[in-house]
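Required output: the full structure, derived from the provided sequences and hints.
Chains as they are written, first to last, in the working numbering: chain A, 1 to 304; chain B, 1 to 330; chain C, 1 to 253.
Derived from the structure by calculation, the hints contain no laboratory data. In this text, all values refer to a predicted model and were calculated from it rather than measured experimentally. For glycine and all other residues, C-beta sits at the position ideal for the given N, C-alpha and C. Treat the hints loosely; a few may be bogus.
Said to hold, decoys possible - Pairs of lysine to any residue, SDA-like flavour, derived with a Cα cap of 25 Å:
1. B/K315 x A/D93
2. C/K195 x C/A65
3. B/K315 x B/L287
4. B/K315 x B/P4
5. B/K315 x A/L92
6. B/K315 x A/S281
7. A/K187 x A/R162
8. B/K315 x C/K195
9. B/K315 x C/P93
Stated by the list, open to error - Chain C is faced by these chain B residues, among others (derived, beta-carbon under 8 Å):
10. Q26
11. G29
12. A30
13. D31
14. S198
15. F200
As the list claims (entries may be wrong) - Cβ-Cβ distance ranges computed for the label pairs, FRET-style:
16. A/F266 x B/V94: 22 to 28 Å
17. A/G114 x B/V16: 45 to 51 Å
18. A/A77 x B/G316: 43 to 49 Å
19. B/A162 x A/A77: 50 to 56 Å
20. B/S253 x C/A150: 50 to 56 Å
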Amino acid sequence: MLLVLEQVLNGLQLGVMLFLLAAGLTLVLGIMNLVNLAHGSLYMIGAFVAAGVIRLTDSFLLGLVAALPAAALVGMAVEVVALRRLYTRQHLDQVLATFGLILFFNELVRILWGPRALFMDVPDWLSGTVEIVPGAPYPAFRLAIIVVGGTVAGFLYWLVRRTRLGMLIRAGASNREMVGALGVDIKRLYTLVFGLGAMLAALAGVMAGPIYAVEVGMGEPVLIVAFVVVVIGGIGSVRGALVGALLVGLVDTLGRAFLPTLFRAFLAPDTADGLGAALASMAIYVLMAAVLAWRPRGLFPAHG
Amino acid sequence: MARPAVTRLVLWGALVLLLALPPLVQGLGADFAVGVATRVLIFALVGVSLNLILGYGGMVSFGHAAFFGAGAYVVAILAQHDTQGEQLVTWPIVIDGTQSALIAWPAAMAVSALLALVIGLIALRTSGLYFIMITLAFAQMLYFLFISLRAYGGEDGLSLFARSAAGPFDLADDVHFYYLVLGFVLLALWIKRRLVASRFGRTLRGIRDNERRMQALGFPTFRYKLAAFVMAGAVAGLSGALIANQTEFVSPSFLDWQRSGEILVIVILGGMGRVYGPVAGAVAFLLLEEVLSAWTDHWMLVLGPILVLVVLFAKGGIWSLIERGETTDG
Amino acid sequence: MVDPLLEIEGLSKAFGAVVACDAVTLALHSGEVHAVIGPNGAGKTTLLGQLAGEIRPDAGRIRFAGEDVTGLPAHARAGRGLARSFQITSLFPRFTALDNVALAVQAQAGHSFRFWHPAARETALVAPARTALARVGLAERADVPAAALAHGEQRQLEIAMALASGPRLLLLDEPTAGMGQEDSGRMIALLSALKAEGRMTILLIEHDMDAVFALADRITVLVYGQTIATGAPEEIRANSEVRRAYLGEEAAA
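In structure tokens form, the structure reads like this:
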């Protein structure tokens, strides 16, 4: 039972990290109608900047503080230089151009930080464990991720639902001309949204640093999963991204933890482990195919 | 279809060059170039297959490497069972391993076609971005499946003991292998030329341009799209069988998402919806890779922005430069 | 009396709170031109979408040539002889005019799983396509890509495509939409000629009252999704409710 609780928490932790990535993706998709494969690069850049700063200063917080604006700046620069020209293009063009950006950023990071993976330590003040229920210690760092992710989700909800910026974002998603007619500088709004998305991606990257390796190409696998989240949730829907992210996080984590054990009940251990692992790694894609077969536009379709 | 002189000149010139390439480069002492050219042609073939659904059918599949990789694995797995003398399937029928190209390659095509049928049945119900993502997701699924297949090398992949046996062709000989691959590419191009001008091809182009109108005219569009998707899968499977033979090695990286991206790039760089476009695209892309990587280790730093520039400024791809001024309907 | 070719019974469709089609009942007899008119937002296009099979009705039935087609998808209805034209020109812009029409012929010429023979050289497809082009007066423009045709010509091409499938019922969605005086005059003449041949049954959705009164045998007036009157043109002209609800507005505009 305690094992289940621990794995559920792990699933939540993965879920909120995916949400941080998916939120930016889905906003950019819903508002600018842009498929940005290079979103994963911003996640990677966030992690590398943080790792670099931490190495110099020995302070996790300084790393975090440096990484967020750095990624936001890179994101906004890319938006202004290249992506802005792609808003009216087909998805195919966007996929291709941002694929090119991935190659560029991966190589750039390799030049700047070298080809080897960096390791980031959990900061001292979060290195302990917390007893959530008696007898079930859980790493404080992972718990912190859940808390930070939850807070950001709340903040985003407030931002989109309650503020003028959020009103513009929602209006921009459904009617570009109208927002333009309101006298809002659409271009600036887009750049701002892009910077916000980049910052969220970087936050996810920094928090992922101590758990996974900080390495070139770390952004792509997680990006694809984030896209799965966006598609499951419904393109353009922040709420959908949250539900989708938690769903994907839980299915993936619980599948990996328990499917092999489950299969051991009626298969030879070797076969069970192999089959269980294979199915677990495919589980989220099966989930996505099932959701799309049931609702071709995701759980919370934002438009129409 | 009368083609302008320039196009005809380029086509015949390219054909002569391709036919004369092995003796030419061997004369120059650059034997390795035969291998490079074979690789280019194999990627041209997989590009041709993607072009059928992308360029003529308007289906943006971001998972084409799945069929490519599956074809490669079919050849490698059959070969492994043959060398180890283990049967692949013992029930309900017995299937032995084999190294014969006559069996393994059609098997690769059949398996990839079957995969395309299953994936297509689900994916083609969606459209737009959802289609892009669901094809990508299916490819990822297969990628992880092969990673977890420890019996076939898992993440490390699987080496072939030798190339397939193909009757009079000695595939271990790079030149023989080159001509065989060239033959496949020419055959595929010929078939595709006929195909796109046929009733089926016209139906496909109509669906690409205006699917709703096609339905109103009375075309049950889904089954035509599915048929094209399966055909493209089969040819991608053949390309995979060829690449497995060329490298004498397969690994999950044959079907990862970057590979799917590269195949997309090849088609678009060459010119979507142009019969010969993918060949031009494969030549350009792989040679660019060769040249850039010879020049600097950090060649992707250059390649990436080139792709962005191509998308932004060179719509229509290389083939549209060759066919400039000619109006085609697709 | 002969059974009607098309029978619509209690057809209803709502989009959220907006009732676009409210228990519409209508019958079309072979050989008649039946116009459906109504102010903007009256539900004309929704009605046509349901007839063509693109919009699923909430309630009601559609019978075509004695068969219930309510649940059939668009392509199956087209296969039974229900052809439509689109209000916003919907062509294959990269295809030539001839290929556009030939595609419409092909749609009704068996399955298209034919992979080898060049379709452009199939007389069975090209000859009827040329005939249809000639009927709408586009014979000379056969080899021009549809995108390069003038707006009026594109509308004519729409009609040719609908004709080419040899339909038993033609659904025309505002064939004169966006046309100038001269073009719409030509379109009305073209449709009159089709009508004079006497074989065609047409359901015409139209804004242009000149076209409606020149062509229609009967007229149905739709307001807020409801039929408020059906009858011969002179009855409709004389109907006070229609004048108030619709023609009045039109006259004032």
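Hints, one by one, checked against the model:
no.: 1; hint: B/K315 x A/D93; result: holds, 9 Å
no.: 2; hint: C/K195 x C/A65; result: holds, 20 Å
no.: 3; hint: B/K315 x B/L287; result: holds, 20 Å
no.: 4; hint: B/K315 x B/P4; result: holds, 21 Å
no.: 5; hint: B/K315 x A/L92; result: holds, 12 Å
no.: 6; hint: B/K315 x A/S281; result: violated, 38 Å
no.: 7; hint: A/K187 x A/R162; result: holds, 22 Å
no.: 8; hint: B/K315 x C/K195; result: violated, 46 Å
no.: 9; hint: B/K315 x C/P93; result: holds, 18 Å
no.: 10; hint: Q26; result: violated, 38 Å
no.: 11; hint: G29; result: violated, 44 Å
no.: 12; hint: A30; result: violated, 40 Å
no.: 13; hint: D31; result: violated, 39 Å
no.: 14; hint: S198; result: holds, 5 Å
no.: 15; hint: F200; result: holds, 5 Å
no.: 16; hint: A/F266 x B/V94: 22 to 28 Å; result: holds, 26 Å
no.: 17; hint: A/G114 x B/V16: 45 to 51 Å; result: holds, 47 Å
no.: 18; hint: A/A77 x B/G316: 43 to 49 Å; result: violated, 29 Å
no.: 19; hint: B/A162 x A/A77: 50 to 56 Å; result: holds, 52 Å
no.: 20; hint: B/S253 x C/A150: 50 to 56 Å; result: holds, 54 Å
The earlier numbered hints that this structure contradicts are 6, 8, 10, 11, 12, 13 and 18.
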